[in-house]
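There are 2 protein chains.
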Amino acid sequence: MKSKARPATGRMLYAQSGGVTAVINATAAGVIQTARAHGVKVYAARNGILGALREELIDTGKETAAAIEALRHTPGGAFGSCRYKLKSLDANRAEYERLIDVLRAHDIRWFLYNGGNDSADTALKISQLGKAMGYDIRCIGVPKTVDNDLAVTDCCPGFGSVAKYTAVSTLEASLDVASMADTSTKVFILEVMGRHAGWIAAASGLAGEGEDAPPHIILFPERVFDEAAFIAKVKATVERVGWCTVVASEGIRNAEGQFLAEAGTRDAFGHTQLGGVAPVLAALVKEELGYKYHWALPDYLQRSARHLASKTDADQAYAVGKAAVEYALKDMNAVMPVIVRSSDAPYRWKIEPASLDKIANREKKMPANFLTRDGFGITAAARRYLAPLIQGEAPLPYGRDGLPKYVQMKNVAVAKRLPEFSH
Amino acid sequence: MKSKARPATGRMLYAQSGGVTAVINATAAGVIQTARAHGVKVYAARNGILGALREELIDTGKETAAAIEALRHTPGGAFGSCRYKLKSLDANRAEYERLIDVLRAHDIRWFLYNGGNDSADTALKISQLGKAMGYDIRCIGVPKTVDNDLAVTDCCPGFGSVAKYTAVSTLEASLDVASMADTSTKVFILEVMGRHAGWIAAASGLAGEGEDAPPHIILFPERVFDEAAFIAKVKATVERVGWCTVVASEGIRNAEGQFLAEAGTRDAFGHTQLGGVAPVLAALVKEELGYKYHWALPDYLQRSARHLASKTDADQAYAVGKAAVEYALKDMNAVMPVIVRSSDAPYRWKIEPASLDKIANREKKMPANFLTRDGFGITAAARRYLAPLIQGEAPLPYGRDGLPKYVQMKNVAVAKRLPEFSH
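Quick note, the sequences are listed as chains S and G, same order. According to UniProt numbering, numbering within the first sequence proceeds without interruption in unit steps and concludes at 423. According to UniProt numbering, numbering within the second sequence proceeds without interruption in unit steps and concludes at 423.
Treat the hints with caution; some may be incorrect.
The list cannot tell twin chains apart, which means a pair is met if one copy fits it or any two copies do.
With a straight-line cut-off of 30 Å between C-alpha atoms, the simulated DSS-like cross-links for lysine-lysine are [to be verified]:
#1 Lys365 x Lys292
#2 Lys330 x Lys85
#3 Lys330 x Lys358
#4 Lys405 x Lys62
#5 Lys322 x Lys364
#6 Lys235 x Lys85
#7 Lys330 x Lys311
#8 Lys235 x Lys322
#9 Lys292 x Lys322
Everything labelled a hint here was simulated from the structure, so no lab data went into it.
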């Protein structure tokens with residue numbers, strides 16, 4: 001070797017956490033390609049932090065360069081993710097100690113945790129405990145969430161693509177409804193993700209501008225659902241425009257604080273379940289106004305639609321992965337690469353480190369001035385913020401079969417060195 | 001003018017019918033561009049056949065060449081469509097006579113009706129009545145339907161794009177579910193259109209091949225829903241693969257012949273409604289197996305998703321429009337340009353005329369040998385038929401705002417020449 005290389009023994013561990021996105025694997029590609037360029041080996045935890053607890057590690061060194069490059073355009077979580085929140089240090093110190101044991105057993109010196117505010121908290125705690133236990137570990141949080149609710153960062157990788165999917169779908173379905181409204185569907189309701197915050201619903205507002213352009217009504221979890229005002233606005237819109245497109249956050253609630261979805265539809269067994277506010281609204285429209293309606297609930301389709309990803313989002317997802325490795329190798333600890341916006345138009349952004357303790361367990365709310373006074377639309381301020389996030393397309397290779405060429409990792413397991421751990 | 005032009009007085013009328021598609025406007029572009037090349041003026045009926053009855057005609061000559069070209073990539077129905085089936089000649093001869101009156105008043109010599117088997121029937125009747133009433137009119141049916149159920153033609157423009165949307169969405173959502181299955185969603189259910197025939201559901205089968213590839217289970221309206229067999233297959237799949245993707249046609253029925261959607265979910269007011277078989281299946285899975293689930297119902301999103309159109313489909317949609325004009329100007333009558341397949345791989349097709357009386361009011365069923373013995377998947381024969389229809393991408397211009405550049409017609413009205421008609 002020509003120059004003094006980094007010690008071959010120190011490894012990096014990368015884990016994905018929580019709901020996956022259309023671009024979280026672009027972050028993985030940023031991590032692995034950057035680490036490879038620095039001669040550092042990357043292990044991935046199988047199914048997120050659970051893989052670290054179970055010592056189920058994947059050797060990403062077994063994947064070809066072409067496969068890692070293809071991660072840049074493959075949705076879902078290539079190594080698996082999980083919904084598993086570690087308890088507090090006091091409540092379950094054994095879990096944290098186990099994590100340190102696994103890191104130590106595999107000589108892992110850098111831990112990159114790709115998730116939301118829970119994950120930032122976990123990464124922070126591991127960095128603190130490592131210090132307390134005398135194990136030298138650098139922990140970097142890497143941002144990801146379609147909910148766009150992380151503190152400090154201007155936006156979250158994953159959000160821009162679901163925002164673009166939602167805006168384009170709203171536009172396309174509205175062209176359909178406009179064609180049919182004379183004799184058929186007059187009201188179309190699109191239900192989108194967002195239990196606590198209306199970021200995704202807000203993005204649908206980019207589909208059009210002006211009173212007569214779709215979506216005509218957006219329902220946000222930030223506002224109490226006002227049935228009378230909603231019905232009145234649907235009626236006025238249909239009478240003026242001929243039809244009406246409504247976009248509803250799954251998490252809207254009535255004045256009693258009940259999720260509208262739970263207050264309404266029951267399944268075949270009489271159970272209530274979340275994830276169906278659209279049919280409740282549709283039934284309301286039918287009952288009160290008699291209009292024909294259609295409703296859609298794209299669910300996972302919205303967050304896995306890599307075929308319609310935003311270039312801005314895909315670029316940022318890759319950039320945070322790259323920066324995370326650079327920070328780690330610069331011996332930074334307990335930080336997260338965040339997106340800093342310096343200009344709306346032309347859109348300019350850069351990546352900077354932010355302390356995990358400013359991010360862990362916090363939640364970014366939508367600013368009050370993003371919603372119009374009647375609560376059914378977005379303001380110019382919201383447009384300025386949202387517009388750049390859906391800009392640009394992120395081309396995808398398609399096969400001769402007409403399907404995107406998504407990659408499947410080999411996911412070769414690293415031999416275990418520790419006894420089983422029951423958590 | 002250098003050569004003898006076609007008489008300037010004869011006009012062509014184009015109307016869209018029934019549910020619109022991602023590519024019906026490509027057919028409109030084929031019609032208008034071809035007619036313009038022949039020096040023939042095209043009127044469009046506003047909102048389908050109702051526009052012809054109401055004498056609400058649109059002068060497409062007022063649209064720029066660029067706008068017409070942009071129709072090739074704009075979903076929905078640019079001039080409006082309708083769900084309106086003319087009664088039989090005996091039951092409502094006045095309606096047919098009114099149509100002839102409107103055609104005569106505007107010197108319309110060619111009528112192109114873009115729709116399904118109902119529309120083929122209407123076009124056929126008008127051609128017959130024109131003859132009986134001494135008015136010289138050529139009627140051409142132009143195929144369109146996402147349901148792919150037209151007789152004679154190998155496939156229907158509109159179907160290939162919804163097929164591609166469904167296959168890609170199945171693949172993408174499955175990558176998501178695979179990531180989450182360890183601790184969260186184990187069963188994902190995608191509900192697709194298809195009240196009477198499972199063509200769209202079948203297309204989801206192109207997402208993967210082999211027992212372990214998604215979709216693991218497809219539910220077709222061609223088979224009675226067998227709850228025990230379904231639950232057993234979900235369980236076996238989750239135990240073997242770790243998760244399970246189900247694609248269900250909206251129109252599946254139980255042994256009593258009830259739509260499963262109606263047998264299950266009721267809305268807030270206790271009404272049943274079609275369009276929600278996915279939540280019924282999800283509840284069943286939860287009740288019988290206890291697995292976490294997610295479900296999606298893309299509804300209009302699937303048939304308006306021009307951003308994910310199939311090139312094969314977009315090309316065929318344009319070609320039938322072009323051919324329809326050529327047939328009309330060759331004085332052919334009561335025919336439809338249909339797609340004839342001469343080879344599966346490489347895929348080869350051409351357009352040929354077929355008599356409307358072979359198409360009107362008939363329905364093409366899915367061949368029995370397209371479904372696997374257990375009724376939960378598609379056969380190699382189905383793959384050979386379906387695969388070419390989703391091949392190729394149909395690029396779309398995007399604006400700097402990150403949205404597709406869809407066109408809005410000016411839709412300039414033609415002055416009325418007749419008194420009102422009440423139908």
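Hints versus structure:
When the C-alpha separation of Lys365 and Lys292 is checked against a cutoff of 30 Å, the pair qualifies only between copies, where the shortest distance is 29 Å, while the shortest distance within a copy is 35 Å. In this homomeric assembly, Lys330 and Lys85 come within 30 Å of each other (Cα to Cα) only inside a single copy, at 28 Å, whereas the closest approach across copies is 71 Å. In the homo-oligomer, the alpha carbons of Lys330 and Lys358 lie at most 30 Å apart inside one protomer (20 Å), although the nearest pairing across protomers, at 74 Å, exceeds that limit. In this assembly of identical chains, Lys405 and Lys62 lie within 30 Å of each other by CA distance solely inside one copy; the values are 20 Å within and 43 Å between copies.
Taking CA atoms no more than 30 Å apart as the test, Lys322 paired with Lys364 passes inside one copy only; the shortest distance there is 24 Å, against 54 Å between copies. Taking CA atoms no more than 30 Å apart as the test, Lys235 paired with Lys85 passes between copies only; the shortest distance there is 27 Å, against 45 Å inside one copy. Taking the closest pair of Cα atoms, Lys330 and Lys311 come within 30 Å of each other only inside a single copy of the chain (28 Å); across copies the shortest separation is 49 Å, beyond that limit. Taking CA atoms no more than 30 Å apart as the test, Lys235 paired with Lys322 passes in neither setting, with 50 Å inside one copy and 41 Å between copies.
Taking the shortest alpha-carbon separations for Lys292 and Lys322, neither the intra-copy value of 50 Å nor the inter-copy value of 34 Å comes in at or below 30 Å.
Of the hints listed earlier, those the structure fails to meet are numbers 8 and 9, in rising order.
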